[in-house]
Amino acid sequence: MSSVAEVKTGRALRRRKLPLYYPVMFVVPAFVIYAVFFIYPTVLGFYYSFTDWNATETTIRFVGLAQFTEVMRNPDFVVALKNTFLYAAITTIGKNVIPLLLAVLLTMGMRSRNALRAVYFSPAILNIVAVGLIFQGLLNPHTGFVNNLLRSMKLDFLALGWIGDPSLSIYAACLMEIWRASGITMAIYIAGIQNISADYYEAAEIDGATAWAKFVHVTLPLLMPAITINVLLSVIYGARMFEGVYFLTQGGPGNSSEVLMTLVYKYMGQGLYGYSTALNLILVLLIILISMPLLSYLTKKEVGG
Amino acid sequence: MKVGTNKLLVLSGLVATSLLTACTGGGNSERSESGGASKTLKFMITSENYSNRLKDFIAQYEFSSGNQVDVQLFPATEYENILKIKMLSDEGPDLFVTDDIAMSQFNVPQEWFEDLTGEPWESRLSESGRTMIQWNDGRITGLPVTNPGGMGMLYNKAIFAKLGLEVPKTWDDFLAVCGKLRQAGIIPVNIQLANGSEFGTTHMMHQLFANAELNRSKEADRFWHDLNTHRLKITEVKEYEQALEQMVELKEQGYINEDFISTTFEMSQENLGTGRVAMHPAGDFILEPLLAKYPELELGFFSLPFGDTPGAISLYAGVGVSVNSKAAHKEEALDFIRFFAAKEQQEIYLQKSPGISVFADVDAKPNMLSGDLQRYIDEGKAFMGMFGRYAAWNDMDARKMMQEMMLGRKTPSQVLTELNAKMEIVAKGKNLPGWNP
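Protein sequences appear in the order of chains L and H. Residue numbering for the first sequence follows our numbering, beginning at 1 and increasing consecutively. Residue numbering for the second sequence follows our numbering, beginning at 306 and increasing consecutively.
Pulled out of the complex, with its shape left as it was, chain L reads as follows (with noise of 0.2 angstroms):
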């Protein structure tokens, strides 16, 4: 076709209005499945933390704040919500620290870098459950391969309590997480420093900068757009953990590594579905009011690449 006749079917094509039922002919199954499966559910459920619906009635009725109120009174919840804020934060810190530090290993020139990269993976594939149970093998205080493994190396004085001590359990909770996680985090990075143009170190070596310097001032800018989605997934799955903690530690000894999410498992185990929604509620409403701002300040220390 001439050149000619391509502008003028192309100012044809643009002159003609597309019917307006072909975006929504695309739209409205998945919608439809959308509305039916999350929205409608998400919205029942606001809706059920504001009613006394448990098990052994068949009414529910309407109670206002009342089950918020006995949310607040409840001895378990502030340690639940101190317990949610730590395990968010010492496992974003450490998806994202280590992580980091290996991405920027693995991308430089060594050998054995897939061989290593697979290996750092492999935890991330595993099945939490599977990787709770083997965490408590390995963390018993008295019959753990950890401790009897650090007595045998005459190193009783780290043989420390772990699961089995309530001052220890969040953290050994953290830790599991951190190992299980950290090659997701991790080869996310990695692909955003292979994104990084080469001209850019190149500028910076002229330059005269270090490596650190080139790390500081050339890998972590250009990785923000990285180090974004993986601190903003990671503090939100952190607040949002239940079979970590679960299947570690049941939120024990006592209730000292209980979280938010095992404390609404264990209400709703109970019948009180009214009572365990509405404390989902608060800790939705928590992610929200941490990862908004937080996504707001991550993003605006994006830059081009």
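Please keep in mind that the hints were generated in silico from the structure rather than gathered at the bench. This one's a predicted model, so the numbers in the text were calculated from it and none came from an experiment. Just to be clear, a hint being listed does not mean it is correct.
[Said to hold, decoys possible] Derived DSBU-like pairs: lysine-lysine, alpha-carbon spacing no greater than 30 angstroms straight-line:
id, chain 1, residue 1, chain 2, residue 2
1, H, K556, L, K154
2, H, K556, H, K462
3, H, K657, H, K462
4, H, K389, H, K631
5, H, K715, L, K82
6, H, K360, H, K648
Knowing the structure of chain L, use the given hints to seat chain H on it.
Then chain H, alone, in the frame of chain L:
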């Protein structure tokens, strides 16, 4: 290419119809009969409790009645939720099981259960059997498919005989026995408090708590009524604090295993079976797995003394089978229960897994603890555990509190105060009378 409007409408209609069909509960309460003389009963049960003897019984029932039993198995972790969904959508089974017959009155809607009081077999229940399976309001709603039993202190008879020890009658006697065991290099009492296995210690707690009812004898019903209506708090029952103080004293005196916080149910069996420990608080439910590993083991059973008295033991009803009040084949389901309650059937059933029976006329094959257990029952020193009488009780909270207490993080008084606060949450959440201001 223009897509016809008709095609779009048809497509949208198909999507909407398929979604609505998926969401429909199918809640037709009037079910058509299957036709003919033979009916098919739906029986929901957890896979863990579908024992061989139950399977044999069902086969016997089918042969005898001509009816069929459709056994629907679900893992214990999913069972309750699936049962709730089915019951709430009027698609419940004819027969279903609950974790504990007595406890079920507090955990699920009571409307689900057909009242079996007045059934022909009810008059054959022993007094203790009735105590085990009766609800607080006097209703009987099920029969046990796992053996009911009692919780107390199991002890290694061989170790006791070797050291010339007698079953203690007072708390001081008990401490003296523990002292002699300790001197002989044997851990006196096994405490099981690993995360997920804390029930091993709440058994001791329940057994000691039973002394509150023993001390109130004829006022016991009033006692439970006051607790259930919040006129009385658990912090005000002196026996409860004394019970917990006794447990703490065991630890302070060094009479328990040092690794209690990591001792699981399996480790407890090993401790008891190998003679590393002399005593373990449990019920006869532990016998089957324990004797499978240590068939030569000889165990006895006694109540942990309470102050200057020998004390009482606590009872549990066991997993029970009940009839759905909205069962499609209710009469056949009731016949199933009647057949199960028959003397001959109960004797065959208990022959396969020895224990005690809830029926007075059933000649049950005893296990090695049945004689001791029956003695406490006959003497009127056996009472249903808190979980079967106290509506606001939550055993999971109690288990966690046992860890806190035995680790020294909370005193018995603090444990009861915090338990009371948690009971209030449960009670208010369930709208129990007397708990909401």
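Consistency of the hints with the structure:
no., hint, verdict
1, K556(H) <-> K154(L), "holds (28 angstroms)"
2, K556(H) <-> K462(H), "holds (23 angstroms)"
3, K657(H) <-> K462(H), "holds (25 angstroms)"
4, K389(H) <-> K631(H), "holds (13 angstroms)"
5, K715(H) <-> K82(L), "holds (20 angstroms)"
6, K360(H) <-> K648(H), "holds (18 angstroms)"
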